[in-house]
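**Q** Protein sequence lines, in the order shown, are assigned to chains A and B. Residue numbers for the first sequence follow the numbering used here, so the first one is 106 and each next one is one higher. Residue numbers for the second sequence follow the numbering used here, so the first one is 3 and each next one is one higher.
Accuracy of the hints is not assured; some may be wrong.
[As the list claims (entries may be wrong)] Label-pair distances were calculated between CB atoms; the ranges are:
(1) B:467 <-> A:119: 35 to 41 Å
(2) B:195 <-> A:425: 55 to 61 Å
(3) B:426 <-> A:426: 55 to 61 Å
(4) A:158 <-> B:418: 23 to 29 Å
(5) B:66 <-> A:436: 42 to 48 Å
[Claimed, not checked] No more than 30 Å apart at the CA atoms, straight line, and that leaves these computed lysine-lysine pairs for DSSO-like:
(6) B:171 <-> A:183
(7) A:402 <-> A:297
(8) A:251 <-> A:297
(9) B:445 <-> A:183
(10) B:135 <-> B:171
(11) B:408 <-> A:183
(12) A:183 <-> B:135
(13) B:421 <-> B:478
Calculated directly from the structure, the hints in this document are not laboratory data. Glycine included, each C-beta is placed from N, C-alpha and C at the ideal position.
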Amino acid sequence: MSDRKPEFRHPKLTSNAGGYSRRDYEGAMSTLCAGCGHDSTTAAIIQACFELSVPPHRVAKISGIGCSSKTPAYFLGKSHGFNSVHGRMPSVATGANMANRDLLYIGISGDGDTASIGMGQFGHALRRNLNLNYICMNNGCYGLTKGQDSATADLGSIGKRGAPNLYNSIDLCELAIELGASYVARGFSGDKAQLVPLFKGAFAHNGLAFIDVISPCVTFNNTNTSTKSYHYVREHSEATNTFDFVPLQQEILTHYQEGSSQEITMHDGSMILLHKGEPGRDVTNRLQAVTRLEAEKERGRLLTGLLYVNPASRDTHDIINSCQRPLNSLVDADLCPGNAALQELNATFR
Amino acid sequence: MNRIERVNDFVVRFANVNGSGSASANNLFARAIYRAGVAVSPKNIFPSNIQGLPTWYEVRVSGDGHLGRRAGVDLAVAVNGQTLLRDYREVLPGGYFLYDSTRALPDEFDRDDITLLGIPLTTLCNEAFSNPKLRQLLKNIIYVGALASLLDLDFTILTEAITSQFTKKPKLAEPNILALELGYNFAREHHPGRCLLSIRRQPRDERILIDGNSATALGALYAGATVAGWYPITPSTSVIEAFERYAGRFRREEEGTRKVAILQAEDELAALGIVIGASWNGARAFTATSGPGISLMSEFFGLAYFAEIPAVVIDVQRVGPSTGMPTRTQQADLLACAYASHGDSKHLLLFPSDPKECFDLTADAFDLAERLQTPVIVMSDLDLGMNEHLSPPLHWEDSRRYDRGKVLHADDLDRLPGKWGRYLDVDGDGICYRTLPGSHPEKGVYFTRGTSHNEYSGYTEESPIYQAGMERLQRKWQTARTLVPPPEIDTPDDDCRLGLLFFGTTSHAARESISRLAAAGVRVNSLRLKAFPFSDQVIEFINRHRQIIVIEQNRDAQLRTLLLAETGVTADRLQSILHFDGLPITADFISERIQALLEPSTAAAGDTQGEQV
Ligand SMILES: Cc1ncc(C[n+]2csc(CCOP(=O)(O)OP(=O)(O)O)c2C)c(N)n1
Ligand code: SF4
Ligand SMILES: [Mg+2]
Numbered sequence: 106m107s108d109r110k111p112e113f114r115h116p117k118l119t120s121n122a123g124g125y126s127r128r129d130y131e132g133a134m135s136t137l138c139a140g141c142g143h144d145s146t147t148a149a150i151i152q153a154c155f156e157l158s159v160p161p162h163r164v165a166k167i168s169g170i171g172c173s174s175k176t177p178a179y180f181l182g183k184s185h186g187f188n189s190v191h192g193r194m195p196s197v198a199t200g201a202n203m204a205n206r207d208l209l210y211i212g213i214s215g216d217g218d219t220a221s222i223g224m225g226q227f228g229h230a231l232r233r234n235l236n237l238n239y240i241c242m243n244n245g246c247y248g249l250t251k252g253q254d255s256a257t258a259d260l261g262s263i264g265k266r267g268a269p270n271l272y273n274s275i276d277l278c279e280l281a282i283e284l285g286a287s288y289v290a291r292g293f294s295g296d297k298a299q300l301v302p303l304f305k306g307a308f309a310h311n312g313l314a315f316i317d318v319i320s321p322c323v324t325f326n327n328t329n330t331s332t333k334s335y336h337y338v339r340e341h342s343e344a345t346n347t348f349d350f351v352p353l354q355q356e357i358l359t360h361y362q363e364g365s366s367q368e369i370t371m372h373d374g375s376m377i378l379l380h381k382g383e384p385g386r387d388v389t390n391r392l393q394a395v396t397r398l399e400a401e402k403e404r405g406r407l408l409t410g411l412l413y414v415n416p417a418s419r420d421t422h423d424i425i426n427s428c429q430r431p432l433n434s435l436v437d438a439d440l441c442p443g444n445a446a447l448q449e450l451n452a453t454f455r
Numbered sequence: 003m004n005r006i007e008r009v010n011d012f013v014v015r016f017a018n019v020n021g022s023g024s025a026s027a028n029n030l031f032a033r034a035i036y037r038a039g040v041a042v043s044p045k046n047i048f049p050s051n052i053q054g055l056p057t058w059y060e061v062r063v064s065g066d067g068h069l070g071r072r073a074g075v076d077l078a079v080a081v082n083g084q085t086l087l088r089d090y091r092e093v094l095p096g097g098y099f100l101y102d103s104t105r106a107l108p109d110e111f112d113r114d115d116i117t118l119l120g121i122p123l124t125t126l127c128n129e130a131f132s133n134p135k136l137r138q139l140l141k142n143i144i145y146v147g148a149l150a151s152l153l154d155l156d157f158t159i160l161t162e163a164i165t166s167q168f169t170k171k172p173k174l175a176e177p178n179i180l181a182l183e184l185g186y187n188f189a190r191e192h193h194p195g196r197c198l199l200s201i202r203r204q205p206r207d208e209r210i211l212i213d214g215n216s217a218t219a220l221g222a223l224y225a226g227a228t229v230a231g232w233y234p235i236t237p238s239t240s241v242i243e244a245f246e247r248y249a250g251r252f253r254r255e256e257e258g259t260r261k262v263a264i265l266q267a268e269d270e271l272a273a274l275g276i277v278i279g280a281s282w283n284g285a286r287a288f289t290a291t292s293g294p295g296i297s298l299m300s301e302f303f304g305l306a307y308f309a310e311i312p313a314v315v316i317d318v319q320r321v322g323p324s325t326g327m328p329t330r331t332q333q334a335d336l337l338a339c340a341y342a343s344h345g346d347s348k349h350l351l352l353f354p355s356d357p358k359e360c361f362d363l364t365a366d367a368f369d370l371a372e373r374l375q376t377p378v379i380v381m382s383d384l385d386l387g388m389n390e391h392l393s394p395p396l397h398w399e400d401s402r403r404y405d406r407g408k409v410l411h412a413d414d415l416d417r418l419p420g421k422w423g424r425y426l427d428v429d430g431d432g433i434c435y436r437t438l439p440g441s442h443p444e445k446g447v448y449f450t451r452g453t454s455h456n457e458y459s460g461y462t463e464e465s466p467i468y469q470a471g472m473e474r475l476q477r478k479w480q481t482a483r484t485l486v487p488p489p490e491i492d493t494p495d496d497d498c499r500l501g502l503l504f505f506g507t508t509s510h511a512a513r514e515s516i517s518r519l520a521a522a523g524v525r526v527n528s529l530r531l532k533a534f535p536f537s538d539q540v541i542e543f544i545n546r547h548r549q550i551i552v553i554e555q556n557r558d559a560q561l562r563t564l565l566l567a568e569t570g571v572t573a574d575r576l577q578s579i580l581h582f583d584g585l586p587i588t589a590d591f592i593s594e595r596i597q598a599l600l601e602p603s604t605a606a607a608g609d610t611q612g613e614q615v
């Protein structure tokens with residue numbers, strides 16, 4: 106990390122409730138193309154962590170391979186990071202989470218990393234409801250290998266390479282809901298106001314939070330014939346709702362409540378207040394969530410916002426009934442049954 | 003006719019139908035011999051099938067204590083109609099053929115050089131029991147009872163075994179004991195003195211009869227493994243199953259929660275990914291797999307090697323290539339494991355040869371993996387893992403502490419003078435200091451990557467920095483050579499120019515060959531290898547002998563290839579004995595090959611390269 110941003114403290118730099126400044130959440134200088142959607146997504150992660158006063162060293166960032174997967178180097182420079190291999194972020198995150206359930210895990214992946222090579226691991230992390238914030242920076246192409254269509258590219262979409270995509274796209278949010286994710290949202294790197302609360306809700310959630318962030322690739326897939334361009338996404342996205350995230354300690358202001366159509370209490374006691382939802386809509390209903398996604402797709406619209414949440418979700422540790430103490434904190438005395446027990450075991454083999 | 007007449011030295015082969023409940027009856031037989039104090043080596047020769055196909059169970063009885071497999075069947079217990087004729091033909095001349103005489107043998111069963119021992123298993127069973135399930139299961143117990151009579155095996159050993167097996171369900175013991183008696187009495191009345199094979203009690207020692215996979219699982223448990231990611235594959239599955247069982251017993255907290263996380267992964271890639279993620283985060287983690295899984299794990303092996311993350315992998319080898327023979331044994335993953343992954347990557351291998359070593363070396367693997375921050379693969383095999391073996395009892399030194407390697411915790415970081423770098427070789431042994439996520443608010447943070455990195459874990463494409471990093475890993479490899487378990491060397495004769503070199507499950511048969519050679523007046527030195535990379539002792543041993551015969555169970559002489567590649571020995575010094583049919587190697591096989599190598603053939607006489615001892 107030789108490209109650290111110059112270290113200086115602006116006198117007016119405000120700090121959050123944890124005493125951290127925004128600088129504490131930044132990382133190395135990005136080496137992505139200027140204007141790349143991933144950098145905006147990164148900025149939203151920084152903002153969400155700052156607003157939640159997350160202690161930076163209690164976060165672990167894990168990624169696969171791709172331009173998107175490089176970003177953990179560009180945020181939360183005070184957190185351990187692990188840039189693993191292509192498509193395998195979920196398994197590495199699973200092991201890490203099993204070892205220490207007390208950290209906040211941010212998993213970064215791309216659409217190639219998730220929807221193709223890593224499809225299997227993606228599905229199974231969802232199914233196990235790992236307590237992981239799975240952020241997929243979705244640009245409909247393989248940025249790092251120079252712009253090939255990915256499995257989330259829409260049928261007929263044409264990127265820089267010039268040929269229309271021949272196949273139907275995979276909707277990762279729909280899949281995530283069906284495969285067991287307990288918090289599913291879609292955002293757009295160009296809409297930070299929406300993205301930051303989506304991340305904050307995810308961080309407070311116990312279980313797998315999947316956030317599909319449409320994050321345009323300015324170099325290979327920002328053409329006016331691409332459905333993953335800034336322009337197209339702005340024109341075609343449809344926010345399912347807007348919401349406020351209210352952390353546990355914070356008092357709920359009345360004017361929030363007035364417009365809210367649904368309140369969701371999260372695992373840690375914090376709340377999500379949804380606004381502008383249509384009457385009768387229930388964001389905790391899986392079936393509705395999938396139907397809504399399909400219906401908007403038929404209208405040619407891309408649904409964004411919080412799509413589904415199960416606030417009572419049980420994560421992998423809850424499911425397998427592992428101990429509350431982090432497994433990596435256990436020592437010899439906690440783990441080794443000793444020779445006397447072994448001698449009794451020997452007797453069972455005689 | 004000459005009947006084979008032997009005490010405590012023969013092979014009984016059971017021919018059964020897979021899934022018919024024969025396994026527990028056959029185990030009962032083997033355990034009874036073990037309890038009579040006589041060395042026994044049972045081998046399952048089973049199909050890749052759940053129900054219906056033929057399966058065999060070979061029990062070698064050896065009063066002299068030889069534990070390797072021996073070919074040839076002295077007594078066949080043939081209760082599988084599908085293979086009856088084949089089983090009949092495979093009995094050695096002078097041997098015995100026990101069969102279900104409820105139906106007469108067809109005409110083609112016409113040998114006059116073996117002794118028939120008909121027991122009407124079906125009739126006896128149907129007369130005594132009405133429950134159809136019991137009828138099937140107890141038929142097997144009846145032949146065990148008959149064997150006790152035929153082999154003069156102390157009947158009370160069997161009844162005691164049954165009683166202790168069913169202490170919790172004494173109701174079930176009754177019909178089992180009745181079945182034993184039915185067989186015993188029938189054989190005593192109808193075949194008195196016909197079978198000249200017999201078991202004679204010997205004093206029992208402290209050894210136990212245990213399968214390697216259970217011992218491996220206990221090794222992981224004792225070593226403090228808390229995370230296991232795995233994907234089912236024969237013959238490794240029972241490692242994790244046993245681990246889960248023992249963890250259920252020894253890792254349970256009062257509240258009912260468990261100090262372990264065992265995840266059945268979606269595939270072997272994920273299994274190793276889980277291990278790497280957990281180890282990176284400071285837990286002891288492992289996986290167990292077999293050849294096809296090793297192939298899939300390849301990319302992750304390279305990551306763990308290059309990013310320097312501990313990982314313990316148990317490879318219970320089976321027959322390859324590809325799906326091969328999933329239920330047969332081989333030692334053919336050496337090269338795939340030693341150099342798993344692209345680029346210059348290499349990994350430590352440990353070679354257990356009996357269950358006690360499965361336990362010890364698995365525990366050692368965790369210490370080595372954390373000390374050296376790299377993958378360690380325990381190279382078991384199907385024979386060792388899935389069969390029961392006579393083994394020294396397991397032992398854990400209570401004063402032993404886990405070696406967690408060079409990890410800097412918060413207070414270490416606070417005390418640290420100067421700048422910490424994840425890949426700085428401070429001590430000159432190639433091993434650097436690592437930190438764990440979440441441990442310190444300000445210090446010791448780094449970015450782990452499989453891309454090339456400098457000493458501070460920053461990305462680099464600078465050739466000299468990359469190269470220095472690779473050279474440092476090579477330095478670490480040299481350190482590994484001094485830390486791995488030393489070989490077991492036996493040099494009865496300092497002047498002997500011939501050395502045998504072997505490892506793992508080849509060892510029992512090799513030792514038996516050595517003792518036969520010794521009886522014939524030929525003395526050879528031997529080395530049993532326990533680890534890769536090769537320590538100085540291994541190289542010295544090779545250099546001390548003019549000729550080394552490397553005995554292994556694969557076609558391509560994989561260990562020999564490794565020795566040539568890593569020690570600088572010249573090819574002419576290393577000869578091979580290779581066994582790769584999928585059945586465990588035998589002393590007969592090895593002895594014959596050694597004999598052939600020792601007797602200078604006419605071709606080799608004029609050939610200096612074939613210089614003989
Ligand atoms: C096993 C393997 N195959 C192929 C590659 C080459 N590769 C690197 S990144 C990438 C695609 C990345 O696409 P995506 O995940 O969408 O990330 P983006 O660059 O678009 O952010 C590929 C195919 C690799 N690193 N590893
Ligand atoms: S190639 Fe595309 S995805 Fe990669 S950094 Fe550039 S703009 Fe971003
Ligand atoms: Mg992409």
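**Q** Do residue 426 of chain B and residue 426 of chain A keep their Cβ atoms within the hinted range of 55 to 61 Å?
**A** 41 Å, violated
**Q** Given the hint that residue 183 of chain A pairs with residue 135 of chain B, test it: the Cα-Cα distance must not exceed 30 Å.
**A** 65 Å, violated
**Q** Can you let me know if the beta-carbon spacing of residue 467 of chain B and residue 119 of chain A is within 35 to 41 Å?
**A** With Cβ atoms ~39 Å apart, the hint holds.
**Q** Would you check the hint for residue 445 of chain B and residue 183 of chain A, treating anything up to 30 Å between C-alpha atoms as holding?
**A** 8 Å, holds
**Q** Straight-line Cα separation of residue 408 of chain B and residue 183 of chain A no greater than 30 Å?
**A** 21 Å, holds
**Q** Taking only the CA atoms, is the gap from residue 421 of chain B to residue 478 of chain B under or equal to 30 Å?
**A** Judged against 30 Å, a Cα distance of about 22 Å means the pair holds.
**Q** Could you see if the CB distance from residue 66 of chain B to residue 436 of chain A stays within 42 to 48 Å?
**A** Because 46 Å falls inside the window, the suggested range holds.
**Q** CA of residue 135 of chain B to CA of residue 171 of chain B, is that 30 Å or under?
**A** 17 Å, holds
**Q** Does the beta carbon distance between residue 195 of chain B and residue 425 of chain A stay inside 55 to 61 Å, or does it fall outside?
**A** For residue 425 of chain A against residue 195 of chain B, whose Cβ atoms are near 60 Å apart, the range 55 to 61 Å holds.
**Q** Check the hint pairing residue 171 of chain B with residue 183 of chain A against an upper bound of 30 Å on the C-alpha distance.
**A** Given that 30 Å is the threshold and the Cα spacing comes to 60 Å, the pair is violated.
**Q** Check the following: the C-beta atoms of residue 158 of chain A and residue 418 of chain B are separated by a distance inside 23 to 29 Å.
**A** The hinted range 23 to 29 Å holds for residue 158 of chain A and residue 418 of chain B, with Cβ atoms some 28 Å apart.
**Q** Verify the proposed pairing of residue 251 of chain A with residue 297 of chain A, using a straight-line Cα cut of 30 Å.
**A** Since the Cα atoms of residue 251 of chain A and residue 297 of chain A sit roughly 26 Å apart, the hinted pair holds (cutoff 30 Å).
When held up to the earlier numbered hints, the structure conflicts with 3, 6, 12 and fits the remainder.
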